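Q: Going down the list, the protein sequences come from chains A and B.
Take the numbering used here: the last position of the first sequence gets the number 409, and nothing is skipped along the way.
Take the numbering used here: the last position of the second sequence gets the number 694, and nothing is skipped along the way.
In case anyone wonders, no lab produced these hints; they're calculated from the structure.
Quick caveat, the model's predicted, so the values are computed rather than measured.
Cβ coordinates follow ideal geometry from the N, Cα and C atoms, glycine included.
Some clues are possibly wrong.
Said to hold, decoys possible - A few chain A positions that, by computed beta-carbon distances, are all more than 10 Å from chain B:
#	residue
1	Q98
2	A134
3	G148
4	N196
5	A225
6	N226
7	P254
8	T294
9	N325
10	G399
11	V408
Stated by the list, open to error - Capping the alpha-carbon separation at 20 Å, the derived lysine to any residue pairs in SDA-like fashion look like this:
#	chain 1	residue 1	chain 2	residue 2
12	A	K337	B	S465
13	A	K337	B	G666
14	A	K211	B	N571
15	A	K79	A	P102
16	A	K221	B	G658
17	B	K593	B	S558
18	A	K141	A	W152
19	A	K337	B	T469
20	A	K337	B	A466
21	A	K141	A	S160
22	A	K211	B	T522
23	A	K211	B	T523
24	A	K141	A	A179
25	A	K141	B	N629
26	A	K296	A	S309
27	A	K211	B	N524
28	A	K221	B	S659
29	A	K211	B	S526
30	A	K337	B	S463
31	A	K211	B	S525
32	A	K337	B	G665
What the hints assert, rightly or not - Here are a few chain B residues that face chain A, going by a calculated C-beta distance under 7 Å:
#	residue
33	C492
34	W499
35	G535
36	G658
37	S659
38	E662
39	G666
40	S668
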Amino acid sequence: MKRLNIMQKQRCCGFIQIISMLIATILLAACGVPETSQRPIVSNNTNTNTSPTSGTVPTTIPQPPEAQIRSFGLITTNKGWIVTNQRFVWSDISGANQQNIPLPSGVTPSQINKAAFVDDQHGWVVLTEREVNAANPADFKVLRTTDGGSHWQSAGLNPSSTEYIDSPSGDVYVDFVDATNGWINVRTQSSSAFSNGLLFRTRDGGASWAKVVSPSGEPIKFLNANDGWTRNTPQATFYATHDGGTTWQPMALPSLPSAQTATPFFTLPTFYSPTEGVLPVTLAGEQPVVLFYTTKDAGQTWTLAGQISAPGLEAGGETFVIVRNATNWTVILPNGKVYNVVGAGAHVQELRPNVPLVGLSKLRVQAGMVGWATRSTSNCAQFKAQCSTTTALLHTTDGGQTWAATHVP
Amino acid sequence: MLVRKIKCSGQWSAALLLIICLFIGSSLPVDAASPGSSVNVSGDKWFDKCGVPSTSAMQTWWSSSPYWNVGIYIGGINASSTCQGATSTWVSTVNDQGWSFIPTYVGRQAPCTTNSSYATISTDSGTAASQAYSAAKDAESAANNLGFSQGTVIYLDMEGYNTGNSSCRSIVNIYVSNWVATLKADGYRAGVYGSSCGSAINDWAGIAHPPDDVWIAEWNDNTNVYGVSCVNSGYWIYSQRHHQYHNDGSTAESYGGVSFIVDRDCTEGHVAGRGNNDGTANSCP
Chain A
1 MKRLNIMQKQ
11 RCCGFIQIIS
21 MLIATILLAA
31 CGVPETSQRP
41 IVSNNTNTNT
51 SPTSGTVPTT
61 IPQPPEAQIR
71 SFGLITTNKG
81 WIVTNQRFVW
91 SDISGANQQN
101 IPLPSGVTPS
111 QINKAAFVDD
121 QHGWVVLTER
131 EVNAANPADF
141 KVLRTTDGGS
151 HWQSAGLNPS
161 STEYIDSPSG
171 DVYVDFVDAT
181 NGWINVRTQS
191 SSAFSNGLLF
201 RTRDGGASWA
211 KVVSPSGEPI
221 KFLNANDGWT
231 RNTPQATFYA
241 THDGGTTWQP
251 MALPSLPSAQ
261 TATPFFTLPT
271 FYSPTEGVLP
281 VTLAGEQPVV
291 LFYTTKDAGQ
301 TWTLAGQISA
311 PGLEAGGETF
321 VIVRNATNWT
331 VILPNGKVYN
341 VVGAGAHVQE
351 LRPNVPLVGL
361 SKLRVQAGMV
371 GWATRSTSNC
381 AQFKAQCSTT
391 TALLHTTDGG
401 QTWAATHVP
Chain B
410 MLVRKIKCSG
420 QWSAALLLII
430 CLFIGSSLPV
440 DAASPGSSVN
450 VSGDKWFDKC
460 GVPSTSAMQT
470 WWSSSPYWNV
480 GIYIGGINAS
490 STCQGATSTW
500 VSTVNDQGWS
510 FIPTYVGRQA
520 PCTTNSSYAT
530 ISTDSGTAAS
540 QAYSAAKDAE
550 SAANNLGFSQ
560 GTVIYLDMEG
570 YNTGNSSCRS
580 IVNIYVSNWV
590 ATLKADGYRA
600 GVYGSSCGSA
610 INDWAGIAHP
620 PDDVWIAEWN
630 DNTNVYGVSC
640 VNSGYWIYSQ
650 RHHQYHNDGS
660 TAESYGGVSF
670 IVDRDCTEGH
680 VAGRGNNDGT
690 ANSCP
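For reference, chain A alone in the conformation it holds in the complex (with noise of 0.2 Å):
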């Protein structure tokens, strides 16, 4: 028995031994130690080949495999146009009542880099293809239509093979005012640290293009056939136009702190008439927080209105104003956080979004309270890898404050 005994206890002894042991590995696993590869190295070497020559300048622009949605946008408030993948259509909405927009033969949804369109007669496609024979990367192919896409006709923009010599670039922003004046901003190859674009006009409807300043390569706004607005986000300025591009000034926005206390980003000008409008600038720094400047003079002064405050807020990113009417918008953060603002800006109250709205991007809203926007999720099943993207199209008709998931064909 008291063999027995002194065994069960050198049994017991080994057995604390064994728990300890574990007890430890678990607590150095949880130290925090930074998940690392464990990958091997790969030697290098420095040696270089020395008989040069030359490539090939591609001719289109790449599909981005999850970019389903490549353009879209309203022409009334129950009307509007999408373009995928594999199909370019009008639909109301929700997505229902879908029709094919007719394009040439030869042509196919695929090809098209972004769509616009002024009503349903007068549209106009920017191919990710060149003209033919064409001397310079950026001579895309646009084609207009006065039909609604039962006749199209294109015309290539033309810019100088000096000035752009790089390989396509990606993307390219369109805004048409009405059925004869619009423009075409390109953004061209460079670095993150600069915003570089190649700026065409067409004041006939699109049958020929003129290359004017661009001062970027982000989306342009305009308002009538001279006043617009753009930015250069690595420089932090924001730019007017009153010449419909063929000059550009940096404008200066009052009580706006300078970009090495807070970097802005400015989000392009929302109109409710012809002469008033909102400007938000989401402002990151040690205290984040989102200014609302309005205008009553078509843009050629702006009045700091209101403001909301935005704790941890990250840099670069872009705040959505819907303007319901003068005095009442809705405001999407890049955080996904939604506000309720009314007395332009005088009270803010904060709204429980009833989907997601981390993401978003690209708005477009008619008449106030109808809207479409994409939104974009990204995650990766395991760590670092298996990752994809998921594009949704969302609707809203009550100006921002619910979203709801539209049909994309």
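With chain A held as given, fit chain B onto it using these hints.
A: Positioned in the frame of chain A, the structure of chain B alone reads:
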């Protein structure tokens, strides 16, 4: 029996003491480590953007995104304050999270650039060489201030220009060559960013001091670091390439509830930090 009893009790006490010490030790703050002179090869995806996200956002993206490395702008006459913003504390913290870095200096640009806002290289070759020397020294200082020390890799941003202008092209090549020579003489690894065709990257293989690594921009949505336009695939073949293959434009990417607008890159080249080579040649997973 008494001896065994004491021994067993002693073992139990020792185990308990060990556990307590480990618990206390794991609770103590540990100083974040800077990348220092560490340079390794990475074979993975990374991103670059104007400005630096917060360290909490970087932690979210470390856990949720496919990216292993991050490009940061460290200075230069053409670098806006908006696009900089990294500090030594930020670098150390992000380094500890697991990230590696592509420190980039935005120096003078080609004298024939069409962008009138750029500070440009002198058209005089002697002055151009001197400007490159000064830029390299400034870049070393900026890198050191952020926690990257001698031995690290620093990239120069050389934007596209009219490569049909032969004298301009020659000046750019002199500038790049002298940038590389200065860095290497001081014990650094030298890289250069440019547009695949627009910066005439191919030229740099034949200059007096070729870059150790090249970061090639061609927004073709193809992650392969080889087969890019205008750059001979026989150059920079020993894990010496990065490829900027996509520009987000105005559409943010969202991982873990945090959104940024970024440029996407793939690498089979040198980064500052631990590197994360997955062993896959020529492209990212």
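Q: None of the hints should be skipped; say for each whether it holds.
A: Here is what the structure says about each hint:
1. No beta-carbon of chain B is positioned within 10 Å of the beta-carbon of Q98(A); the least distance is around 23 Å.
2. With a least beta-carbon separation of about 15 Å from chain B, A134(A) lies farther than 10 Å from that chain, consistent with its non-interface assignment.
3. Residue placement check: G148(A) keeps its beta carbon more than 10 Å from all beta carbons of chain B (closest about 28 Å).
4. A cut-off of 10 Å between C-beta atoms contradicts the statement that N196(A) is not in contact with chain B; the least separation is 6 Å.
5. For A225(A), the shortest C-beta to C-beta distance to chain B comes to about 24 Å, beyond the 10 Å cut-off, and the non-interface label holds.
6. Consistency note on N226(A): stated as away from chain B, and its beta-carbon is indeed over 10 Å from all of that chain's, at 23 Å minimum.
7. For P254(A), the condition that its CB be more than 10 Å from all CB atoms of chain B holds, with the nearest at approximately 20 Å.
8. For T294(A), the requirement that its beta carbon stay farther than 10 Å from each beta carbon of chain B is met, with the minimum near 23 Å.
9. Residue-level check passed: N325(A) sits 27 Å from the nearest beta carbon of chain B, beyond 10 Å.
10. No Cβ of chain B approaches the Cβ of G399(A) within 10 Å, the least distance being about 22 Å, so the stated non-interface status holds.
11. With a least beta-carbon separation of about 16 Å from chain B, V408(A) lies farther than 10 Å from that chain, consistent with its non-interface assignment.
12. Proposed proximity of K337(A) and S465(B) is supported: the alpha carbons are some 18 Å apart, at most 20 Å.
13. About 12 Å separates the Cα atoms of K337(A) and G666(B), which keeps this hinted pair within 20 Å; it holds.
14. Annotation: proposed proximity of K211(A) to N571(B) holds, straight-line Cα distance about 18 Å (limit 20 Å).
15. For the proposed pair K79(A) and P102(A), the alpha carbon gap of about 16 Å is at most 20 Å, so the pair holds.
16. Proximity of K221(A) to G658(B) is assessed by CA-CA distance (about 16 Å); at most 20 Å being required, the pair is judged to hold.
17. For a cut-off of 20 Å, the pair hint linking K593(B) to S558(B) stands: about 13 Å separates their Cα positions.
18. Distance check on the hinted pair: K141(A) and W152(A) sit about 12 Å apart at the alpha-carbon level, within 20 Å; holds.
19. Only pairs whose Cα atoms come within 20 Å are accepted, and K337(A) paired with T469(B) is accepted, the gap being roughly 18 Å.
20. At roughly 17 Å between alpha-carbon atoms, K337(A) and A466(B) fall within 20 Å of each other, so this suggested pair holds.
21. Under the criterion of a C-alpha separation no larger than 20 Å, the hint pairing K141(A) with S160(A) is consistent with the structure, at around 15 Å.
22. Only pairs whose Cα atoms come within 20 Å are accepted, and K211(A) paired with T522(B) is accepted, the gap being roughly 17 Å.
23. The hinted pair formed by K211(A) and T523(B) meets the criterion: a straight-line CA distance of about 14 Å does not exceed 20 Å.
24. For the suggested pair K141(A) and A179(A), the alpha carbons sit about 18 Å apart, so the restraint of at most 20 Å is met.
25. As the CA atoms of K141(A) and N629(B) are separated by approximately 19 Å, the hinted pair is consistent with the 20 Å bound.
26. Between K296(A) and S309(A) the CA atoms are separated by roughly 25 Å; this puts the pair beyond 20 Å, and the hint is violated.
27. Between K211(A) and N524(B) the alpha-carbon distance is near 15 Å, which keeps this suggested pair within the 20 Å criterion.
28. For the proposed pair K221(A) and S659(B), the alpha carbon gap of about 14 Å is at most 20 Å, so the pair holds.
29. With a CA separation close to 19 Å, the supplied pair K211(A) and S526(B) stays within the 20 Å bound.
30. Proximity of K337(A) to S463(B) is assessed by CA-CA distance (about 19 Å); at most 20 Å being required, the pair is judged to hold.
31. At most 20 Å may separate the alpha-carbon atoms for a hinted pair to count; K211(A) and S525(B) meet this at roughly 16 Å.
32. Pair hint K337(A) plus G665(B) holds up; C-alpha atoms about 15 Å apart against a cutoff of 20 Å.
33. Against a cut-off of 7 Å between C-beta atoms, the interface hint on C492(B) holds, since the closest Cβ of chain A lies about 5 Å away.
34. Interface hint at W499(B): violated, since its Cβ lies 13 Å from the closest Cβ of chain A, which is beyond the 7 Å cut-off.
35. Nearest Cβ of chain A to the Cβ of G535(B): about 26 Å, over the 7 Å cut. The hint is violated.
36. A distance limit of 7 Å between C-beta atoms decides the matter here; for G658(B) the minimum to chain A is near 3 Å, and the interface restraint holds.
37. Satisfaction of the interface hint for S659(B) is found here, the shortest Cβ-Cβ separation to chain A being roughly 6 Å, below the 7 Å cut-off.
38. Given the 7 Å rule on beta carbons, the hint for E662(B) holds: about 6 Å separates it from the nearest Cβ of chain A.
39. Given hint, G666(B) at the interface with chain A, holds; its Cβ is 5 Å from that chain's nearest Cβ, closer than 7 Å.
40. Because the smallest distance between the Cβ of S668(B) and any Cβ of chain A comes to about 5 Å, under 7 Å, the interface hint for this residue holds.
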